[in-house]
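Student: Going down the list, the sequences are from chains E and C. Take the first sequence: its letter number 41 is residue 41 in full-length UniProt numbering, and every next letter is one higher. Take the second sequence: its letter number 407 is residue 407 in full-length UniProt numbering, and every next letter is one higher.
Simulated from the structure, these hints should not be mistaken for laboratory data. These figures come from a predicted structure and were not determined experimentally. Just so it is clear, CB atoms sit at the ideal spot from N, CA and C, and this is done for glycine as well. Don't take each hint at face value.
Quick list of in silico lysine to aspartate or glutamate cross-link-like pairs, EDC-like style, CA-CA up to 16 Å [stated by the list, open to error]:
1. E:LYS389 - C:GLU79
2. C:LYS195 - E:ASP226
3. C:LYS343 - E:GLU338
4. C:LYS229 - C:GLU185
5. E:LYS195 - C:ASP226
Taking CB as the label site, the calculated pair distances span [claimed, not checked]:
6. E:SER308 - C:ARG332: 36 to 44 Å
7. E:ARG193 - C:ARG138: 56 to 64 Å
8. E:SER90 - C:TRP411: 52 to 60 Å
9. E:LYS122 - C:ASP283: 37 to 45 Å
10. E:ASP267 - C:ARG138: 52 to 60 Å
11. E:GLN152 - C:GLU56: 48 to 56 Å
12. C:ASP149 - E:ALA232: 34 to 42 Å
13. E:ASP267 - C:GLU165: 38 to 46 Å
14. C:SER183 - E:ARG179: 24 to 32 Å
15. C:ARG179 - E:GLU196: 19 to 27 Å
Here is how the chains run, residue by residue.
Protein chains: 2
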Amino acid sequence: MTEVEVKKAQESLQDRLAQVVELLQRQRMVEDLTHRQEGAHNDLVENLVHRQNLVELQRKLDDLHPADIAYILEALPLEDRLTVWQLVRSERDGDILLEVSDSVRQSLIADMDDHELLAAAKEMDADELADLAPELPRDVVHELMETLDAQQRERVRSALSYDEEQVGALMDFEMVTIREDVSLEVVLRYLRRLKELPNHTDKLFVVDYDGILKGVLPIKRLLVNDPEKKVAEVMATDPVSFQPEEDAYDAAQAFERYDLVSAPVVDKSERLIGRLTIDEMVDLIREESESEVLNMAGLREEEDIFASVWRSFRNRWAWLAINLITAFVASRVIGLFEGSIEKLVALAALMPIVAGIGGNSGNQTITMIVRAMALDQVSPGNTSRLMRKELAVSLINGLVWGGVIGAVAFWLYGSWSLGVVMTAAMTLNLLLAALMGVLIPMTLARLGRDPAMGASVMITAVTDSGGFFIFLGLATLFLL
Amino acid sequence: MTEVEVKKAQESLQDRLAQVVELLQRQRMVEDLTHRQEGAHNDLVENLVHRQNLVELQRKLDDLHPADIAYILEALPLEDRLTVWQLVRSERDGDILLEVSDSVRQSLIADMDDHELLAAAKEMDADELADLAPELPRDVVHELMETLDAQQRERVRSALSYDEEQVGALMDFEMVTIREDVSLEVVLRYLRRLKELPNHTDKLFVVDYDGILKGVLPIKRLLVNDPEKKVAEVMATDPVSFQPEEDAYDAAQAFERYDLVSAPVVDKSERLIGRLTIDEMVDLIREESESEVLNMAGLREEEDIFASVWRSFRNRWAWLAINLITAFVASRVIGLFEGSIEKLVALAALMPIVAGIGGNSGNQTITMIVRAMALDQVSPGNTSRLMRKELAVSLINGLVWGGVIGAVAFWLYGSWSLGVVMTAAMTLNLLLAALMGVLIPMTLARLGRDPAMGASVMITAVTDSGGFFIFLGLATLFLL
Numbered sequence: 001m002t003e004v005e006v007k008k009a010q011e012s013l014q015d016r017l018a019q020v021v022e023l024l025q026r027q028r029m030v031e032d033l034t035h036r037q038e039g040a041h042n043d044l045v046e047n048l049v050h051r052q053n054l055v056e057l058q059r060k061l062d063d064l065h066p067a068d069i070a071y072i073l074e075a076l077p078l079e080d081r082l083t084v085w086q087l088v089r090s091e092r093d094g095d096i097l098l099e100v101s102d103s104v105r106q107s108l109i110a111d112m113d114d115h116e117l118l119a120a121a122k123e124m125d126a127d128e129l130a131d132l133a134p135e136l137p138r139d140v141v142h143e144l145m146e147t148l149d150a151q152q153r154e155r156v157r158s159a160l161s162y163d164e165e166q167v168g169a170l171m172d173f174e175m176v177t178i179r180e181d182v183s184l185e186v187v188l189r190y191l192r193r194l195k196e197l198p199n200h201t202d203k204l205f206v207v208d209y210d211g212i213l214k215g216v217l218p219i220k221r222l223l224v225n226d227p228e229k230k231v232a233e234v235m236a237t238d239p240v241s242f243q244p245e246e247d248a249y250d251a252a253q254a255f256e257r258y259d260l261v262s263a264p265v266v267d268k269s270e271r272l273i274g275r276l277t278i279d280e281m282v283d284l285i286r287e288e289s290e291s292e293v294l295n296m297a298g299l300r301e302e303e304d305i306f307a308s309v310w311r312s313f314r315n316r317w318a319w320l321a322i323n324l325i326t327a328f329v330a331s332r333v334i335g336l337f338e339g340s341i342e343k344l345v346a347l348a349a350l351m352p353i354v355a356g357i358g359g360n361s362g363n364q365t366i367t368m369i370v371r372a373m374a375l376d377q378v379s380p381g382n383t384s385r386l387m388r389k390e391l392a393v394s395l396i397n398g399l400v401w402g403g404v405i406g407a408v409a410f411w412l413y414g415s416w417s418l419g420v421v422m423t424a425a426m427t428l429n430l431l432l433a434a435l436m437g438v439l440i441p442m443t444l445a446r447l448g449r450d451p452a453m454g455a456s457v458m459i460t461a462v463t464d465s466g467g468f469f470i471f472l473g474l475a476t477l478f479l480l
Numbered sequence: 001m002t003e004v005e006v007k008k009a010q011e012s013l014q015d016r017l018a019q020v021v022e023l024l025q026r027q028r029m030v031e032d033l034t035h036r037q038e039g040a041h042n043d044l045v046e047n048l049v050h051r052q053n054l055v056e057l058q059r060k061l062d063d064l065h066p067a068d069i070a071y072i073l074e075a076l077p078l079e080d081r082l083t084v085w086q087l088v089r090s091e092r093d094g095d096i097l098l099e100v101s102d103s104v105r106q107s108l109i110a111d112m113d114d115h116e117l118l119a120a121a122k123e124m125d126a127d128e129l130a131d132l133a134p135e136l137p138r139d140v141v142h143e144l145m146e147t148l149d150a151q152q153r154e155r156v157r158s159a160l161s162y163d164e165e166q167v168g169a170l171m172d173f174e175m176v177t178i179r180e181d182v183s184l185e186v187v188l189r190y191l192r193r194l195k196e197l198p199n200h201t202d203k204l205f206v207v208d209y210d211g212i213l214k215g216v217l218p219i220k221r222l223l224v225n226d227p228e229k230k231v232a233e234v235m236a237t238d239p240v241s242f243q244p245e246e247d248a249y250d251a252a253q254a255f256e257r258y259d260l261v262s263a264p265v266v267d268k269s270e271r272l273i274g275r276l277t278i279d280e281m282v283d284l285i286r287e288e289s290e291s292e293v294l295n296m297a298g299l300r301e302e303e304d305i306f307a308s309v310w311r312s313f314r315n316r317w318a319w320l321a322i323n324l325i326t327a328f329v330a331s332r333v334i335g336l337f338e339g340s341i342e343k344l345v346a347l348a349a350l351m352p353i354v355a356g357i358g359g360n361s362g363n364q365t366i367t368m369i370v371r372a373m374a375l376d377q378v379s380p381g382n383t384s385r386l387m388r389k390e391l392a393v394s395l396i397n398g399l400v401w402g403g404v405i406g407a408v409a410f411w412l413y414g415s416w417s418l419g420v421v422m423t424a425a426m427t428l429n430l431l432l433a434a435l436m437g438v439l440i441p442m443t444l445a446r447l448g449r450d451p452a453m454g455a456s457v458m459i460t461a462v463t464d465s466g467g468f469f470i471f472l473g474l475a476t477l478f479l480l
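Turn these sequences into a full structure, and let the hints guide you.
Tutor: Rendered as C-alpha cells:
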C-alpha cells in the first residue's frame, strides 16, 4: 500500500472527532427539517445546505491520516459511522479497513458491495490481503485471488495457513535482499534504482542464490562504512530471526527486549521467507495487554463500544452464566448453615465481609501472578517460593484486618467469641485466596489455557464459597 | 551507550533462566557442604568446584544480551539475584540497570557502592543518566554531574525537570542534524565520517543555523534519491513533532497510529531539542496497559514478584483497607434487615447471588469503559448513548438470568413470590451496576484521576451494598 505522508498533528484527535461529530449533527438537523417540511417550497435550499455540509465533512476527512479516520470511525455510533464511511474516498478504503478493529471492520465491510470491496483490496500487499480475507465474502476472496500473480497468491495462501497467533500470520513480504559478495557502493546504487523502500527498512537481508539467509546489513552500517567494502565484511552474520511457526507474542517480546525495528523470518532450512516489523509487534503488545484485562473481567473479546445490545449480550453472557453457577454454589453453602443463621442472625450480616475481603485480596494476588506469567517470570523452580511469600502476606493481612474487623464485630454485637471467630475466618479465607490466586493461573497455564481467562470470576467463586463455609462453619462449631 | 550485538536466540529465555538457576543451585549445594565439613581435609577440593561453578556461570552471563540478564535478574529471588549481579562484568552494569524494572533496580543499586555506581553511570548518555538519577544516592549524582561537560549537564538537568509522564522525560539527545542547502551526496559523506549512527535513526533532522527544525530527511529517501539533489528538495517539511511538555502517552499513541520509528522534539519556537524513539514508546505502551490492570485490581504499583513480604503488604494494604470499609457498609445494610432475615432465613442464602452477579456485570461494564476511555473513544457527545446501551444490555441480562435464578429460588423454597422478588432485585441491581459502571470511571476522569484507579473495588462496593439493599428491601416490603 502506498506510503501516506503524516500531516502535523496540531489539533488533537479529540478535537478532530468533535469537529466531525458537529458536522454530522448539523447535517442530521437539516435532514430532520427536510423530512418534516416535505412538499414545502424550500426543498431546494435545504438540499443545498445539506450538500454543503457533506462537502465540508468530506474535505475534513480528506485531510486526515487513515489511522485518524479509523479512530473517528471507532468512536462513532453505527449510523454516523456509516455516513462518514460513505464519504471517505474509495481509494483510501483499503488503508482504513486495515487500521480499524475487527468488530468495526465487520460493520464497515457489511456496508460495502462486492465491487467496492474488490477495489479496496486491489492495492493491498499479500500480507494485508491475508489479514482481511477471513472477513470478506467468499466470492470476493475468490475473485481477488484470480487477479494476483502466482507469487502473490502463494504468499496469501501461506499467510492464511498460519494461526492468528503465529509469526507467519504477521509477517510481510516487502524485503530488500542483497548478495554478500557485492560492495556497499553497488548496494547503494541498487537501492537508488528502487522507487521507494518498504516501511521500517532498517536492515537489508543478505541471501545466497538459494535464498538462504546469510546475514543482515543494517542501514546504519551501510551509511557509515567505506563504499568500497564488501557486504560480507560489514553485515551482521548472526541476527535475531524468527520461524513462521513461532508464537507471535514471543517474537513481540524479543522485539521489545532487543529494540528491533525489523527482523527476518526464515523457514527450517534458513531460507528467507518474510519479515516482521515493529508496527505489527506494537499492535500485538497492545492487543495482548488488552485481552488480558478483558479476559480477567470475563469479557470474551474486545467490544466495539457501540456494538448492538444483542452483540454485547452475546459477548458477556457466558461469564455471567458461569458466575451464576458459582454464586448458586455459594448460596447453597450458606443454605447448609440456615439453622445457625436463624439462631444468630448477626452471622448473615458479617459473612459478606469475610467473603468480600478474600475476593479482593485474591484478585490482587492473581493479577500479580498473571502479570508475572505473561512476562515469563514464573517457572517451576520458583513456584514454592512465590507461594510462601503470598501466604505470608495474606497471613499478615488476615491478622491485621481480621483483627480490626473482629474488634468491630465485638463492638457491634458485644460478643468477644464472635470477634475471635471473625478474625480466624478472615485469616483462613485470605490464606485460601493466596493459595488459589497462585494455583488457578498456574493450573490454567499447565492445561494450555490463557491464565488470565476468567481468573477474576474463578478466584471470587473460591473466596465466596470458601469464605462462607469457613466463617459459618467456625461459628457453628464455636458459637452455638 | 555502546550498541550491543544481538546473539541468535536459539534457546528460549526460559531455558537460559533454567540453566542459571541450575548453576546457582549446584553452587549452593557446594557451599552447604563446605560449610558443614568445615575444618575437614577436602576444603581445597570444594573450593575448586565452587570456583569452577562460578566461572561457568560467569561465562554464561557474558554471552547474554543485557536485556536477557535483566530478565533473569527479575525472575530470581533477592539472594540469587545479588549472586548473579556480582558476577556480571562491571562494564555491563549500566546497560543492565537501564533495562530492569524500578523495584529490581532499587535492589541492585542498594547492593552497589558509590565507586561501582559511578563506574556504571560514566558511560551513559544524558537521557539515561536522567532516568537513573532519582534512584542514586545524592553524593553519587553530585559527583557524576561534575564529570559531565556543560552541554551534557544541561541536558540531564532539562530531562530531570520534566514529569515522568511528559515527553521531555523520555526524549534522548542522539540526533543527527543536517542543513537543507546541501546535496544528498554531502549528507552521505557526512554520515560516513561519523563512526556510527544512533540507534533507531530512520530520519535525519534538518535544522537551520538557529537550530530551528525545518523538516526531516527519512533515510529511505536519502537512499533512493539522486545524490545530486538538495536536502530541501527531498525532505518532508511537515513531520509529526512533539513538545517536551506533552503527555508521553499521547506521543506513544501517535507513534502507534502513524507507525513512527523516531520523531523530533521541539520547543515552543520550533527549535530542535531532542528526539523520541519507538523503543521508549513500546515500553510506555506496555507500562500503561500494565498499570491499568494493576490499578483495577487495587495494587498500587507493579510489584517485583520476589519483593519482600513487607513491601508487598505496603503495596496492597491501602485498597484492602478501603475494601474493608465498603464491606463494612454492606454489612450494615444487611444489619438493617436482620429482623427480616430472622423471619425468612432463605434471604440470607439468596442475597449474595444478587450482589455477586451485579458485581460481575458491573466489572464487565467498567472494564469496557475504562478501555474505551484509554483509547480516547468516549466523549461527552456519546456518553448518553453509551449509557442507554449499557442499561439495555443489563435489562436483558437481568430478565434472563434473574428469571433463571428466580425459578431456582421457587424450586428451592417453594414460594413463587420469593422468585419474583429475586428476579426483580437482580434486574434492578444489574441496572445499578451498568449505571455506576459508566459513571464511576467518567467521574474519576472528570476529577483528573486515573479512571482505572480501584475501579473494580468501587463498582463491587456499589453492587454489594446496593444489591443487599434492593433485595432485602423488596423482600421486606412484599414477602413479610
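Student: Taking the hints in turn, state whether each one holds.
Tutor: For each hint, the structure was consulted:
no., hint, in the structure
1, E:LYS389 - C:GLU79, "holds (14 Å)"
2, C:LYS195 - E:ASP226, "holds (11 Å)"
3, C:LYS343 - E:GLU338, "holds (12 Å)"
4, C:LYS229 - C:GLU185, "holds (8 Å)"
5, E:LYS195 - C:ASP226, "holds (11 Å)"
6, E:SER308 - C:ARG332: 36 to 44 Å, "holds (40 Å)"
7, E:ARG193 - C:ARG138: 56 to 64 Å, "holds (58 Å)"
8, E:SER90 - C:TRP411: 52 to 60 Å, "holds (59 Å)"
9, E:LYS122 - C:ASP283: 37 to 45 Å, "holds (38 Å)"
10, E:ASP267 - C:ARG138: 52 to 60 Å, "holds (56 Å)"
11, E:GLN152 - C:GLU56: 48 to 56 Å, "holds (51 Å)"
12, C:ASP149 - E:ALA232: 34 to 42 Å, "holds (39 Å)"
13, E:ASP267 - C:GLU165: 38 to 46 Å, "holds (44 Å)"
14, C:SER183 - E:ARG179: 24 to 32 Å, "holds (29 Å)"
15, C:ARG179 - E:GLU196: 19 to 27 Å, "holds (24 Å)"
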